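One-letter residues, chain by chain:
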Amino acid sequence: GAGVSQSPSNKVTEKGKDVELRCDPISGHTALYWYRQRLGQGLEFLIYFQGNSAPDKSGLPSDRFSAERTGESVSTLTIQRTQQEDSAVYLCASSLVRQVGEKLFFGSGTQLSVL
Amino acid sequence: EDQVTQSPEALRLQEGESSSLNCSYTVSGLRGLFWYRQDPGKGPEFLFTLYSAGEEKEKERLKATLTKKESFLHITAPKPEDSATYLCAVQAQQAGTALIFGKGTTLSVSS
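These protein sequences, in sequence, are chains A and B.
Residue 104 in our numbering sits at position 86 of the first sequence, with consecutive numbering throughout.
Residue 125 in our numbering sits at position 28 of the second sequence, with consecutive numbering throughout.
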């Protein structure tokens, strides 16, 4: 596709429910990143994929958060038993390769609201 | 601890009124400093990467500079379409792949 696509664009859920957020990176981009942006806060790194493996999961805030990537393409971020503090914009980014200075291409994000 | 601080949080300018945004950083070995622009409801859009003190990069009305402790994003004769949130991020040697972002400066330019 022309850019990084994320779905849904908005998700409202009840506390305790599980949610899945999807990211379609730019075709051919091997590196994929998930970030979280809380209101008034900077972007917070969650996880990085190189191909289908995740060498850096250091930003996942708890074991309720998990992510996978298949076919070196689509990635899904799953949040189990959602809490109100999970409310944020979840951003996905991809890059052609992983190297210093490599620019990231971001999607428009999924706005998650946990009631 | 690696840290990025941006100032001011918000900046209002009149069209044509030049100014600068600041990004102060504390990192254990800088591998790169990045500037991104973010419009409401959109993801950040890449502007510049700077690697070493003294480096400068320009794009249209924007110029980014880098010292050993901070970076400036200079905006010359801004237009209303320059209104956005400008994000600074660093890639540190010990941070692996993760970019560490500041909270951003929200710029509003009125005509």
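Don't read these hints as lab results, they were simulated from the structure.
Since we're looking at a predicted model, the values are computed, not measured.
The beta carbon of each residue, even a glycine, is placed where N, CA and C say it ideally should be.
Please note that the accuracy of each hint is not assured.
Think about it this way: if two alpha-carbon atoms lie no more than 35 Å apart in a straight line, the pair counts; the simulated DSBU-like pairs of lysine-lysine are [to be verified]:
| no. | chain 1 | residue 1 | chain 2 | residue 2 |
| --- | --- | --- | --- | --- |
| 1 | A | K75 | B | K176 |
| 2 | A | K35 | B | K200 |
| 3 | B | K165 | A | K75 |
| 4 | B | K160 | A | K35 |
| 5 | A | K121 | B | K160 |
| 6 | B | K160 | A | K33 |
| 7 | A | K121 | B | K200 |
| 8 | B | K154 | A | K75 |
| 9 | B | K154 | A | K33 |
| 10 | A | K29 | B | K154 |
| 11 | B | K166 | A | K29 |
A few chain A residues facing chain B, derived, Cβ under 10 Å [what the hints assert, rightly or not]:
| no. | residue |
| --- | --- |
| 12 | V22 |
| 13 | V30 |
| 14 | P79 |
| 15 | F83 |
| 16 | Q101 |
| 17 | F123 |
| 18 | S126 |
Inset, instruction - Starting from the hint list further up, note which numbers the structure goes against and sort them upward. - result: 1, 4, 6, 9, 10, 11, 13, 14, 15 and 16
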